[in-house]
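**Q** Using the sequences plus the hints, can you model the full thing?
2 protein chains.
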Amino acid sequence: MAAIEGVNSDLARERRNATFDVENLTNFIYRGPEKVRRRRYIHNLAIKDPVLRRAKPWAFQTREEQYETSLWKNIHINKQLKEFALTEPAERFYYQEAATPHENSPIGLHTAMFIPTIEKQATKEQKERWLPLAESLKMIGTYAQTEMGHGTFIRGLETTSTYDPKTKEFVLNSPTITSMKYWPGNLGKSTNHCLVMAQLYTQGKNCGIHMFMVPIRDLETHQPLPGVEVGDIGPKFGYGSNDNGYLRLNKVRIPRDNMLMRYSKVLEDGTFVKPQNAKIAYGSMVLVRAVIVTDTSRALAQACVISIRYSAVRRQTEVKPGGEEAQIIDYQTQQYKLFPLLATSYAMYFAGRFMYDFYLKATAEIEDGNLESMPQLHAISAGLKAFSTWTCSAGVETCRLCCGGHGYSHASGLPKIYVDCVPGCTYEGENNVMMLQVARFLMKMYQKMQQGESLPSFVQYLNVDLNKKSCMAEDVALKCLVMAYEHRAARMVTDAATSMQNLVQSGKSPIEAWNGSTVMLTWAATAHCHAFVTKHFVETVMNSKMDADVKLALTSLCKLYAVHGIIENLGGFIQDGFFDSNQVHLLKNKLMDLLAEIRPNAVALVDAFDYPDEVLQSCLGRYDGQVYQALYEYAKSSPLNEKEVLDSYFKYIKPAQQGNGSIQQFSKL
Amino acid sequence: MAAIEGVNSDLARERRNATFDVENLTNFIYRGPEKVRRRRYIHNLAIKDPVLRRAKPWAFQTREEQYETSLWKNIHINKQLKEFALTEPAERFYYQEAATPHENSPIGLHTAMFIPTIEKQATKEQKERWLPLAESLKMIGTYAQTEMGHGTFIRGLETTSTYDPKTKEFVLNSPTITSMKYWPGNLGKSTNHCLVMAQLYTQGKNCGIHMFMVPIRDLETHQPLPGVEVGDIGPKFGYGSNDNGYLRLNKVRIPRDNMLMRYSKVLEDGTFVKPQNAKIAYGSMVLVRAVIVTDTSRALAQACVISIRYSAVRRQTEVKPGGEEAQIIDYQTQQYKLFPLLATSYAMYFAGRFMYDFYLKATAEIEDGNLESMPQLHAISAGLKAFSTWTCSAGVETCRLCCGGHGYSHASGLPKIYVDCVPGCTYEGENNVMMLQVARFLMKMYQKMQQGESLPSFVQYLNVDLNKKSCMAEDVALKCLVMAYEHRAARMVTDAATSMQNLVQSGKSPIEAWNGSTVMLTWAATAHCHAFVTKHFVETVMNSKMDADVKLALTSLCKLYAVHGIIENLGGFIQDGFFDSNQVHLLKNKLMDLLAEIRPNAVALVDAFDYPDEVLQSCLGRYDGQVYQALYEYAKSSPLNEKEVLDSYFKYIKPAQQGNGSIQQFSKL
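Heads up: the protein sequence lines correspond to chains A and B, in order.
262 is the number that the working numbering gives to position 219 of the first sequence; each next residue is one higher, with no gaps.
691 is the number that the working numbering gives to position 648 of the second sequence; each next residue is one higher, with no gaps.
Just so you know, the hints here were simulated from the structure itself, not pulled from any lab data.
Be a bit skeptical, because a hint or two may be false.
If chains are identical, the list can't say which one is meant, so a pair holds when it fits in one copy or spans any two.
[What the hints assert, rightly or not] Taking lysine to aspartate or glutamate and the EDC-like style, the derived pairs with C-alpha atoms no more than 20 angstroms apart in a straight line are:
id	residue 1	residue 2
1	K679	E272
2	K551	E361
3	K125	E178
4	K631	E611
5	K633	D619
6	K631	D619
7	K380	E611
8	K512	D619
9	K631	E517
10	K512	D623
11	K99	E676
12	K697	D261
13	K491	E415
14	K694	E107
15	K91	E134
16	K78	E134
17	K697	E178
18	K363	E201
19	K170	D300
**A** Laid out in structure tokens, this is it:
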């Protein structure tokens, strides 16, 4: 991006008018000044790296170039991470986000899934065999679960692994087209090994889904091995630099000890040995879901930074005839879209932080043999994953539309953020399935409650008296807002349970009753997640130590999150008379007041996320607000402008003008 | 696409089980068998054209190739349209949609905006001078209104056109960066003329915005003319084949008679002559908005075809343990997403058809000097444009997400449909601005009503008694559904008007009161549009002649549209007690019943749109349902698979494996 002098005066004024010190909020978000300093230091290591800076913007590259650029960048990054001894996941992430913002890695699954799965599911001997090769990139691997015809329902996978005791080998096979592995990241062109999930058959019996280490390309030539058909699945909405791949295995033989045998085993004679506890291997999927919550909140936060800064710079339409055109951030309709999303990005970020901490705590307990919090861990991670990805990806797209026409240009950075985060709705457990898993948990809890058993803290609200009306008054107390969400969730859980009971009483089977209530169950699960996120936001703001001015600003934002959610989902809050019409009126007025209250702090609240321009990659979201000069520079550098007059002019336009423009005449199209 | 034998058996069964004859519905949609026959004939002309078939799929092309391919295709299409004497707009459209599905044309604005604007706004002499050149592509032009810093608010445009009586020329100038034209389609590389909207200055006075014909590139060499800086604005979310451009004019001189002078004039001495009626030139923008309603409904219809056919083919998750995996269209949650969108695509299609007919009728009246329906025409076209683009583009994205992972691949065709239709929310009048224009009209009508004046038919509902409760009963009568929407709209209009009155009474100026109520005004305008579309859908189904089975199927769909809209916006319908809790319960049950009722007809209802596979361009939406074979073919043809082992393996991976993978060492990245 070209160097432009000075900060746009509107943006400078916004910053002067904020009611709190941005640095204090940044310190709160990233847990203290030392961590903030470290984050900036690591961002700068990547930003200033002369090798990484050689790449041209991704949007000016072909897909093939995107793949190649990301490949060399990530090989370089791997080396630099070692050189700088960055081992903490958060610190590695900071380096990566500044080094390849919003870009997928062609070897990312190797580090994120392949090595961790070996570490968790391989035996000691296997680890000693594979990890050194993997660390030195001799083995480059990925993780292949999804098949062309099979996604979230893992038991439906068709790939088979049949043990042959004569040769002491497994025979891996893709018996149908739908059984071919399809979508695994980096599978197409980059990797030479693949952890394949397959139906294990031994001694004539199916023993369920297990994981097998399958070499797919020659370590010397990188050519596919015999029986292996492998390739890229073709261009997608985004993820241009990721060679998501397909893999078809035609009776490929691997040695017995290529089955990952830390838990389950197949002995030499073909005897299958079950793990002591079937659920123990479950943790890594929960971790990925936990991480997604934070990732998707970051995507929304970045979109808010871009959209809110631009809304402060952009002036459009005189408010009074003949007067100055207004900053579009001063329009109530613009505030009504952007400020609740800003609040959402904070809410989801805090929820993601909670989720990660809870994951660490719960898995430590599980490792110690205490499985008590496992159902909760599962339900919270599934629910927050679905709730956050749906909410945040839709929010990113709203931010984009709030930038008018320029939001549609890749110059805005927003389309890329969107296509990068929206797959989170689908991968690692499709959101509708996730919500139904939450619903199943809630139904169990509801039953427990009916039987008078005690409930885990985060569903204790199910005990509320549904006849009790809201305590909402003029002050719109946070306590009353949380109660409202819990009331709605409790009522929706009750409604769904009642619906199922009614269907059973009318003669349906429990399965039919479930299937006939899944819409209501999804409503209940979503309301539950909404209540959880709201409550956690409130508790974070109320119970954390922070600067008083910051607390005031965050409290407004937290109230906006809660009030806006009520108004946008009003039916669910009032259909049983929980709020009376005065209270609804009061909440609507409060909503408009909160928009005005947050208005002077909007830019400071996005500045506090502290994203360098190099991470945002946006002409509209620049810290200095010099958006128009930046757009102009972007346009001038468009590859279509490399030639003043394109060859196609001479090939097609000129002949057409001369009346002999029949395309059939051209030998080469 | 590869030829694959036979129709998927699930899809074949769906078709057998439909309760009506698809052809009857197709005939109703496209207004009779003769028009359907003609539409198929024209589609096939394009599909079977050997020249057009030479192009490879757009997703496998670089942006430069996309531009070039679309250029030669469209030059060829122009020729074919003449050859086949296709002159009717609908017929030209059918040819175009099958010839370049979802692809932008680098010379499309020439036909769609440049020539029509000359026809409408140029004098007879100007038309004689320009139209023959334009028809033969000697002049290739576009229409440049939007500037980098100025969009929907036209009065804010900065480009100036200053009359110089000495030379009898206009001097066109871009005084600032923000004044440069930015976004006009085809401006970057394709066109040699541009209709420039600019502030006219003559005799020292500003005379408002007018249109000027500016040559921008040399007719022989295609090089930019002196004082002209022109280029492509760079890659975008979509529209890859469109060279949306920028244009900076540095005191460019054009002859006086290059101002389009049918209405306003500048005489030789510089005297400005006003048009007799300032509003008369307004029609073409309304036409574009009217067309957008139908276009966006088509995008949603196509997305529904793809998503619903795929949902009938896709099987996922056993419903009973050990049982067969279910078609995902059998999941209530999937039905709850897709069937209301299917209903919406019909609702919006009928609304678009109405809009176009109304446009023709109203403009004929206007041409006759009767301006009575102008405010209504403006309000309906603005409102339906905004309501349909918001609803349909969000719906397309929901359809995409309903296809799981495969929806993210360009093989699904869905990302392309989305990026192609979503700009409709922004161009030709930004949607928020459009809704506020509707709101302004509604406020005027509200005032009229309060003063006892008569209202145009489509806002007569404002007269309803807001204290009257709903007539909704077990049968969920269409009449009661329409009344519900009209009640809600009337109440929201009243609420917004009351809010403004209260603000004025509290001492705010009328402008401040307006600005402080724009969120409520937008709610009111949206509710108004929703009521209009619902009512029109109901009337179309009730009052049109059609086959009885078709009528039954469409009636279910129409009810679903209405009931789903109530449940999803429940707060607005119940906050004043219009429905009691029994009625809400009844509507929720009805909603689930309607999903089950529509289920057997879902595939037939999308088949009826009669889109050939060549228009859909989707592996998932194929008529024969052979989606997996098609996905496999798509993957195999991915450009990344042209080489089994990519050069980047030898350049980057191999050296890294050998421990000398320092990227710095490579001379060429």
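**Q** Does each hint hold? Answer for all of them.
**A** Structure-based check of each hint:
1. Taking identical chains as interchangeable, the C-alpha atoms of K679 and E272 lie at most 20 angstroms apart only when they sit on different chains, with a minimum of 10 angstroms there against 43 angstroms within one chain.
2. Only between protomers do K551 and E361 lie at most 20 angstroms apart by alpha-carbon distance; the minimum there is 18 angstroms, versus 62 angstroms within a single protomer.
3. For the identical chains of this complex, K125 and E178 are intra-copy neighbours only, at 11 angstroms inside a copy versus 65 angstroms across copies, given an alpha-carbon limit of 20 angstroms.
4. In this homomeric assembly, K631 and E611 come within 20 angstroms of each other (Cα to Cα) both inside a single copy, at 10 angstroms, and across copies, at 19 angstroms.
5. For the identical chains of this complex, K633 and D619 are inter-copy neighbours only, at 19 angstroms across copies versus 22 angstroms inside a copy, given an alpha-carbon limit of 20 angstroms.
6. In this assembly of identical chains, K631 and D619 lie within 20 angstroms of each other by CA distance both inside one copy and across copies; the values are 19 angstroms within and 14 angstroms between.
7. Both within a single protomer and between protomers do K380 and E611 lie at most 20 angstroms apart by alpha-carbon distance, with minima of 11 angstroms and 19 angstroms respectively.
8. Taking the shortest alpha-carbon separations for K512 and D619, both the intra-copy value of 9 angstroms and the inter-copy value of 17 angstroms come in at or below 20 angstroms.
9. With identical chains, the CA atoms of K631 and E517 are at most 20 angstroms apart within one copy only, with a shortest distance of 11 angstroms there and 33 angstroms across copies.
10. Taking CA atoms no more than 20 angstroms apart as the test, K512 paired with D623 passes in both settings, with 8 angstroms inside one copy and 18 angstroms between copies.
11. In this assembly of identical chains, the alpha carbons of K99 and E676 lie at most 20 angstroms apart only when taken from the same copy (14 angstroms versus 32 angstroms across copies).
12. Within a single copy, K697 and D261 get their C-alpha atoms only as close as 51 angstroms, which misses the 20 angstroms cut-off; across copies the closest is 12 angstroms, which meets it.
13. When the C-alpha separation of K491 and E415 is checked against a cutoff of 20 angstroms, the pair qualifies only within one copy, where the shortest distance is 15 angstroms, while the shortest distance between copies is 67 angstroms.
14. Proximity of K694 and E107 under a CA criterion of 20 angstroms is satisfied inter-copy only: 14 angstroms between copies versus 26 angstroms inside one chain copy.
15. Only within a single protomer do K91 and E134 lie at most 20 angstroms apart by alpha-carbon distance; the minimum there is 16 angstroms, versus 57 angstroms between protomers.
16. Taking CA atoms no more than 20 angstroms apart as the test, K78 paired with E134 passes inside one copy only; the shortest distance there is 10 angstroms, against 64 angstroms between copies.
17. For the homomeric pair K697 and E178, the shortest alpha-carbon distance between copies (14 angstroms) is at most 20 angstroms, but the shortest distance inside one copy (58 angstroms) is not.
18. Taking the shortest alpha-carbon separations for K363 and E201, only the inter-copy value of 18 angstroms comes in at or below 20 angstroms, while the best intra-copy value is 67 angstroms.
19. Proximity of K170 and D300 under a CA criterion of 20 angstroms is satisfied intra-copy only: 11 angstroms inside one chain copy versus 82 angstroms between copies.
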